[in-house]
Amino acid sequence: MSTDDSIFLAGNDPLGEVAGWLGAALGLEPVDDPELKDGVFLFRGSARTVAGDLFVLVEPNVYGEIDPEPEDVSAIDGYQGVADVRYAGSKDEELQEREARALFDELAARQPGVAMVLAHNMALLTAAYLPGAGIKTFPPRTTLDAADLNVWRPWVVTT
Numbered sequence: 000m001s002t003d004d005s006i007f008l009a010g011n012d013p014l015g016e017v018a019g020w021l022g023a024a025l026g027l028e029p030v031d032d033p034e035l036k037d038g039v040f041l042f043r044g045s046a047r048t049v050a051g052d053l054f055v056l057v058e059p060n061v062y063g064e065i066d067p068e069p070e071d072v073s074a075i076d077g078y079q080g081v082a083d084v085r086y087a088g089s090k091d092e093e094l095q096e097r098e099a100r101a102l103f104d105e106l107a108a109r110q111p112g113v114a115m116v117l118a119h120n121m122a123l124l125t126a127a128y129l130p131g132a133g134i135k136t137f138p139p140r141t142t143l144d145a146a147d148l149n150v151w152r153p154w155v156v157t158t
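In numbering that gives the first Met the number 0, the protein residues as written are 0 to 158.
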């Protein structure tokens, strides 16, 4: 089973700067990997809720659209970067979700000026953070898609 848990980040800073403060804020160390493309950053650190390691891959958000048709609007369209969170231990979807949520909450507390969205499997919206408004946790099965626009629109950066 392979799952994805991703933190989408809004802002105008170059992605290298975003990766730098993200790594520092979360106490992660950079990992040199010659296989990485330019503009992609890999970090390693300790898991928050269990023993083990986490890996965080920071890259441009290629999943959102700049000017989507109304039926194609997504909660992640207004976010420039994405941090993919992976637990390095046994493949446990609930554990990985819990670890991603812990990083999301920690990052929101340590970088209060940055809007972010936590997504599961690039389909479900777990939580969003907006500066000045705080964190919103969404009901289970809330999608990133236009079908749930009225649920998430007040809590995300829109284009």
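Treat each hint with caution, since some may be false.
Across the chosen pairs, the derived CB separations fall in these ranges [stated by the list, open to error]:
no., residue 1, residue 2, range
1, Glu68, Met121, 14 to 22 angstroms
2, Ser45, Ile65, 18 to 26 angstroms
3, Lys90, Pro69, 19 to 27 angstroms
4, Pro67, Ala101, 15 to 23 angstroms
5, Glu70, Asp32, 20 to 28 angstroms
6, Arg109, Asn11, 18 to 26 angstroms
7, Gly26, Pro69, 38 to 46 angstroms
8, Ala145, Ser89, 32 to 40 angstroms
9, Lys36, Ile65, 19 to 27 angstroms
10, Arg152, Leu35, 15 to 23 angstroms
Worth flagging that the hints you see were computed from the coordinates, not collected in a lab.
For every residue, glycine included, the Cβ atom is placed at its ideal position computed from N, Cα and C.
Structure-based check of each hint:
{"no.": "1", "hint": "Glu68 <-> Met121: 14 to 22 angstroms", "in the structure": "holds, 19 angstroms"}
{"no.": "2", "hint": "Ser45 <-> Ile65: 18 to 26 angstroms", "in the structure": "violated, 36 angstroms"}
{"no.": "3", "hint": "Lys90 <-> Pro69: 19 to 27 angstroms", "in the structure": "violated, 37 angstroms"}
{"no.": "4", "hint": "Pro67 <-> Ala101: 15 to 23 angstroms", "in the structure": "violated, 31 angstroms"}
{"no.": "5", "hint": "Glu70 <-> Asp32: 20 to 28 angstroms", "in the structure": "violated, 38 angstroms"}
{"no.": "6", "hint": "Arg109 <-> Asn11: 18 to 26 angstroms", "in the structure": "holds, 19 angstroms"}
{"no.": "7", "hint": "Gly26 <-> Pro69: 38 to 46 angstroms", "in the structure": "holds, 41 angstroms"}
{"no.": "8", "hint": "Ala145 <-> Ser89: 32 to 40 angstroms", "in the structure": "holds, 36 angstroms"}
{"no.": "9", "hint": "Lys36 <-> Ile65: 19 to 27 angstroms", "in the structure": "holds, 21 angstroms"}
{"no.": "10", "hint": "Arg152 <-> Leu35: 15 to 23 angstroms", "in the structure": "violated, 34 angstroms"}
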